[in-house]
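Number of protein chains: 4
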Amino acid sequence: MVALLIEKENRPAGPEWKKWLYNVIFEADTKAGKYFDLLLILCIVLSVIVVMLDSISSIRNFHGNILHRLEWFFTILFTIEYLLRLICVRSKIAYAGSLYGIVDLIAIIPTYMSLILPGSQFLLVVRVLRVLRIFRILKLIQYISEAELLIKALNASRRKIIIFMFTVLTMVIIMGSLMYLIEGEKHGFNSIPESIYWAIVTITTVGFGDIVPQTPLGRALASFVMILGYSIIAVPTGIVTSEMAIVSMEERKKKRKRLICSNCSQDEHDEDAFFCKYCGDRIQ
Amino acid sequence: MVALLIEKENRPAGPEWKKWLYNVIFEADTKAGKYFDLLLILCIVLSVIVVMLDSISSIRNFHGNILHRLEWFFTILFTIEYLLRLICVRSKIAYAGSLYGIVDLIAIIPTYMSLILPGSQFLLVVRVLRVLRIFRILKLIQYISEAELLIKALNASRRKIIIFMFTVLTMVIIMGSLMYLIEGEKHGFNSIPESIYWAIVTITTVGFGDIVPQTPLGRALASFVMILGYSIIAVPTGIVTSEMAIVSMEERKKKRKRLICSNCSQDEHDEDAFFCKYCGDRIQ
Amino acid sequence: MVALLIEKENRPAGPEWKKWLYNVIFEADTKAGKYFDLLLILCIVLSVIVVMLDSISSIRNFHGNILHRLEWFFTILFTIEYLLRLICVRSKIAYAGSLYGIVDLIAIIPTYMSLILPGSQFLLVVRVLRVLRIFRILKLIQYISEAELLIKALNASRRKIIIFMFTVLTMVIIMGSLMYLIEGEKHGFNSIPESIYWAIVTITTVGFGDIVPQTPLGRALASFVMILGYSIIAVPTGIVTSEMAIVSMEERKKKRKRLICSNCSQDEHDEDAFFCKYCGDRIQ
Amino acid sequence: MVALLIEKENRPAGPEWKKWLYNVIFEADTKAGKYFDLLLILCIVLSVIVVMLDSISSIRNFHGNILHRLEWFFTILFTIEYLLRLICVRSKIAYAGSLYGIVDLIAIIPTYMSLILPGSQFLLVVRVLRVLRIFRILKLIQYISEAELLIKALNASRRKIIIFMFTVLTMVIIMGSLMYLIEGEKHGFNSIPESIYWAIVTITTVGFGDIVPQTPLGRALASFVMILGYSIIAVPTGIVTSEMAIVSMEERKKKRKRLICSNCSQDEHDEDAFFCKYCGDRIQ
Numbered sequence: 003m004v005a006l007l008i009e010k011e012n013r014p015a016g017p018e019w020k021k022w023l024y025n026v027i028f029e030a031d032t033k034a035g036k037y038f039d040l041l042l043i044l045c046i047v048l049s050v051i052v053v054m055l056d057s058i059s060s061i062r063n064f065h066g067n068i069l070h071r072l073e074w075f076f077t078i079l080f081t082i083e084y085l086l087r088l089i090c091v092r093s094k095i096a097y098a099g100s101l102y103g104i105v106d107l108i109a110i111i112p113t114y115m116s117l118i119l120p121g122s123q124f125l126l127v128v129r130v131l132r133v134l135r136i137f138r139i140l141k142l143i144q145y146i147s148e149a150e151l152l153i154k155a156l157n158a159s160r161r162k163i164i165i166f167m168f169t170v171l172t173m174v175i176i177m178g179s180l181m182y183l184i185e186g187e188k189h190g191f192n193s194i195p196e197s198i199y200w201a202i203v204t205i206t207t208v209g210f211g212d213i214v215p216q217t218p219l220g221r222a223l224a225s226f227v228m229i230l231g232y233s234i235i236a237v238p239t240g241i242v243t244s245e246m247a248i249v250s251m252e253e254r255k256k257k258r259k260r261l262i263c264s265n266c267s268q269d270e271h272d273e274d275a276f277f278c279k280y281c282g283d284r285i286q
Numbered sequence: 003m004v005a006l007l008i009e010k011e012n013r014p015a016g017p018e019w020k021k022w023l024y025n026v027i028f029e030a031d032t033k034a035g036k037y038f039d040l041l042l043i044l045c046i047v048l049s050v051i052v053v054m055l056d057s058i059s060s061i062r063n064f065h066g067n068i069l070h071r072l073e074w075f076f077t078i079l080f081t082i083e084y085l086l087r088l089i090c091v092r093s094k095i096a097y098a099g100s101l102y103g104i105v106d107l108i109a110i111i112p113t114y115m116s117l118i119l120p121g122s123q124f125l126l127v128v129r130v131l132r133v134l135r136i137f138r139i140l141k142l143i144q145y146i147s148e149a150e151l152l153i154k155a156l157n158a159s160r161r162k163i164i165i166f167m168f169t170v171l172t173m174v175i176i177m178g179s180l181m182y183l184i185e186g187e188k189h190g191f192n193s194i195p196e197s198i199y200w201a202i203v204t205i206t207t208v209g210f211g212d213i214v215p216q217t218p219l220g221r222a223l224a225s226f227v228m229i230l231g232y233s234i235i236a237v238p239t240g241i242v243t244s245e246m247a248i249v250s251m252e253e254r255k256k257k258r259k260r261l262i263c264s265n266c267s268q269d270e271h272d273e274d275a276f277f278c279k280y281c282g283d284r285i286q
Numbered sequence: 003m004v005a006l007l008i009e010k011e012n013r014p015a016g017p018e019w020k021k022w023l024y025n026v027i028f029e030a031d032t033k034a035g036k037y038f039d040l041l042l043i044l045c046i047v048l049s050v051i052v053v054m055l056d057s058i059s060s061i062r063n064f065h066g067n068i069l070h071r072l073e074w075f076f077t078i079l080f081t082i083e084y085l086l087r088l089i090c091v092r093s094k095i096a097y098a099g100s101l102y103g104i105v106d107l108i109a110i111i112p113t114y115m116s117l118i119l120p121g122s123q124f125l126l127v128v129r130v131l132r133v134l135r136i137f138r139i140l141k142l143i144q145y146i147s148e149a150e151l152l153i154k155a156l157n158a159s160r161r162k163i164i165i166f167m168f169t170v171l172t173m174v175i176i177m178g179s180l181m182y183l184i185e186g187e188k189h190g191f192n193s194i195p196e197s198i199y200w201a202i203v204t205i206t207t208v209g210f211g212d213i214v215p216q217t218p219l220g221r222a223l224a225s226f227v228m229i230l231g232y233s234i235i236a237v238p239t240g241i242v243t244s245e246m247a248i249v250s251m252e253e254r255k256k257k258r259k260r261l262i263c264s265n266c267s268q269d270e271h272d273e274d275a276f277f278c279k280y281c282g283d284r285i286q
Numbered sequence: 003m004v005a006l007l008i009e010k011e012n013r014p015a016g017p018e019w020k021k022w023l024y025n026v027i028f029e030a031d032t033k034a035g036k037y038f039d040l041l042l043i044l045c046i047v048l049s050v051i052v053v054m055l056d057s058i059s060s061i062r063n064f065h066g067n068i069l070h071r072l073e074w075f076f077t078i079l080f081t082i083e084y085l086l087r088l089i090c091v092r093s094k095i096a097y098a099g100s101l102y103g104i105v106d107l108i109a110i111i112p113t114y115m116s117l118i119l120p121g122s123q124f125l126l127v128v129r130v131l132r133v134l135r136i137f138r139i140l141k142l143i144q145y146i147s148e149a150e151l152l153i154k155a156l157n158a159s160r161r162k163i164i165i166f167m168f169t170v171l172t173m174v175i176i177m178g179s180l181m182y183l184i185e186g187e188k189h190g191f192n193s194i195p196e197s198i199y200w201a202i203v204t205i206t207t208v209g210f211g212d213i214v215p216q217t218p219l220g221r222a223l224a225s226f227v228m229i230l231g232y233s234i235i236a237v238p239t240g241i242v243t244s245e246m247a248i249v250s251m252e253e254r255k256k257k258r259k260r261l262i263c264s265n266c267s268q269d270e271h272d273e274d275a276f277f278c279k280y281c282g283d284r285i286q
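Protein chains in written order, with the working numbering: chain C, 3 to 286; chain F, 3 to 286; chain Z, 3 to 286; chain V, 3 to 286.
Hints are computed from structural coordinates only; laboratory data are not their basis. One should not assume that every hint holds.
You can't tell identical chains apart in this list, so a pair holds if it fits in one copy or across any two.
Unchecked claim - Keeping only pairs whose Cα atoms sit at most 20 Å apart, straight-line, the calculated SDA-like set for lysine to any residue is:
1. Lys-188 - Phe-124
2. Lys-188 - Asp-212
3. Lys-21 - Thr-32
4. Lys-21 - Asp-212
5. Lys-154 - Thr-169
6. Lys-21 - Gly-66
7. Lys-33 - Ile-118
8. Lys-154 - Ser-233
9. Lys-33 - Glu-252
10. Lys-154 - Ile-164
So here's chain C without its partners, still in its complex pose (with noise of 0.2 Å):
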């Protein structure tokens, strides 16, 4: 999952302006690559607050004139930039297809398409994914190898957190069916599934409180369920947080360089060792 994260090496190799485009586009080791980025993020960020703004009825109302143009402007440069990354990658297909290479084509699309299907406010929404774009500045910050090391220690913990999240989708599903017996429709129970809905709300400790037990036995099993997802909080928390103890342990021996004695082969030493702690023979 980690290397979808990561934009795959994919310099040209052809012309000097290709290979200074690639660069300044996909790297940010440049200043010009540097400066990009930046723009990049703030035309985006901008972007999505335009969408957002368009979201609420008062201002499109007054202003709506204003963030269509916007909208067109901001469509019209991320087409723009995807053409230019389609040019300076070597295989235009290898970025067309990959993570990046599909939000940024979502990025520009729905504003085409709605001059097919006008007044899709579901293409309105689909714009918001830009946002997934911003991604890319990990790279420029150098945030990767904390983010592979946060994967890592959520991947050793897999197995036990499906099994966790299995035993809570079983307990909601009974949970949710007992409460819809006992409290029943008269109560805003009204089916199976919406007492799962309910139970999820109390067991994961949100208790939105549009739906509330009103009955003795009722409150009992609900008190119950809320005392098991309080508790059982500690079960995710204990799986990820031991997997990442030991995670952060080798990553810090890794990095304790490995000094071997040759006369008994111990190789457990200091690094500021000039003697073997074991024989006492000298090493390095």
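Using the hints provided, position chains F, Z and V relative to the given structure of chain C.
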């Protein structure tokens, strides 16, 4: 407890077809066994969905007939399966009395009982317990060892969690009673049990909002309960996490390279040992 | 604090029957002592249930008479028990002044006081404190050592938790005041104390929903408070967990009997070692 | 950041009375210094309570006069204190520009400004920032080292927490937009920013319940958001806990007994070393 989750070996001594049937139904080693398990999961999930849809009044009123037929279809299917299981095990009583044997039976009786006791909503919901049968698939996907590790850690922290739960219960009773005294019936705290229910809703950070304090003193006490609940969640998390970390580390240590003494063949030596701790012979 | 939870040795020097009475009432080593404790727990639980039922107006109106008699029955029972405890201890003052001595007294006075001050609801609720007497059973089920471990870990992290609490309190005061400024009285934020109450409800992720921000700026600040509350819960959890892990590991290490090699004085040997793993000399 | 919390040494070189004043006001080593600090804390707490009471309309209407006088009393007191601080420090600019210098000034200006800008509620609330002055007492109770440890652990996990926050923000934007699409304005999801607010309320498990999904699809997505929020809390907890455990362990290791080589006087040896790792001489 984990013993309950794993089906006991109950292999028939009888003829070949019984052994083959046992392998298909109870094991997941063969291709046929895997397909059987997948088909069974599909049937269970579908039958639980039928139960859920049946509880939605609008769907029951229009498609009640189809749901009724589907319900009977799955009941007959599970009945055949139950009989086949009974036939191919060595000890019929051991299977029928085991956790899964009982769950398998519960999955089919309600529908038959609805013939005698028509219109009983209780029977409708009991059928949801079918979902418990899916726990068998843990066997299929070899997640048992991970589940065992989780249960081992939870088991080791059992005593600490009981003390914690007992302390929380005492707090909740005292806080609930105090709130009943402070807020009283005119603000919805109608009785001590109801106030205790409120205290549980609050200390677990669920916060439905159906009963809320309205006096300054009540709100001050509620603030205390909330901060308490927010802080003490650290206790079960700490208990489970530290047990889990210890269990994980022990698992890892077991996997480590072992030194073997050429004299006495013992292999329980530490990494930094020069001499066998059992016979004093030089190792390595 | 744990010292308060364990009853101090207060064995009488006097005649045999006093010693026997002391063993039955205060200890759980003999069969009679265990039965006495179980009976006492049963009485406490029943008497607390009576108090709870008495607070439900519908039950009090119809069965008030029975509840009243039961209340007097338990009060007289606990009075006899209190007198017996007083008789059989060596130092009457030490017992009467101890935590359990006070709780034992609180369990009986309210009912007697209700004769002088009839109709006082306050006295009704004080009787709930009887539930604290059950903590004595920790002695019965030998959970004291586990409780000590928990308290040891909490004690070690005391200072860090005080700093954390103090920081949260400061945040809550500032955030509450800001919300009072932003939302004002027309959206339910009637005063700074009330806004601080809202901030506590929000930062602890309880979220009753009786007071909610309605302006865009208020919601933005509320979002910040929520994300803050959601994130900083990691701090107390981290504090308690790491202390608990350290305490657990130290307990484990203590259990490993230490062998010392008379030749090289190393003491890091395993329990099952016959020879020193560093110099090969015989140990034990 | 911790540097900001500790007041910098700013001892005057001047006459004796200045040194004495500095010791009383800025230090807590002398008896007079401790009494000054305690008195100051008392004044701060009281003045903050006055601000809070002043915000409750019923109290302001009846006791506004007394509150007004108390406010001026504390303002003049803090003004004198501020001037004394200014007098006795060596560098006036360093103090006035420091975090505490600014907070000390903020504690007094609003009251004076209310003479020029009468009736400004904004000024009323700013006075609450006085509460920040109490952080000085950390010095008094020697909690600085514990606070440093906490900040060290949080600092070490800074990068991982930024990635986590960034991921949560992206999720919340996408989920909020989807809910706006699914539920729409007729169920209270009036705009994308408002839906994002709902997503934050839900993912942090606060759950006010002022905006709730009502369509089956909306509830299904809400269930997903809730389970997500319930699970991913494990991530920041895991990050902080594992960092805190590492920091705690390193603190402990530092305190451990150190072996010292009699030849080269180096003391950074492991517990199980026979020979000095720096000069090869036998140790112990």
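A quick look at each hint next to the structure:
no.	hint	verdict
1	Lys-188 - Phe-124	between (36 Å within a copy, 16 Å between copies)
2	Lys-188 - Asp-212	both (14 Å within a copy, 16 Å between copies)
3	Lys-21 - Thr-32	within (12 Å within a copy, 55 Å between copies)
4	Lys-21 - Asp-212	neither (58 Å within a copy, 54 Å between copies)
5	Lys-154 - Thr-169	between (24 Å within a copy, 16 Å between copies)
6	Lys-21 - Gly-66	neither (41 Å within a copy, 67 Å between copies)
7	Lys-33 - Ile-118	neither (41 Å within a copy, 51 Å between copies)
8	Lys-154 - Ser-233	between (26 Å within a copy, 17 Å between copies)
9	Lys-33 - Glu-252	neither (35 Å within a copy, 40 Å between copies)
10	Lys-154 - Ile-164	both (16 Å within a copy, 17 Å between copies)
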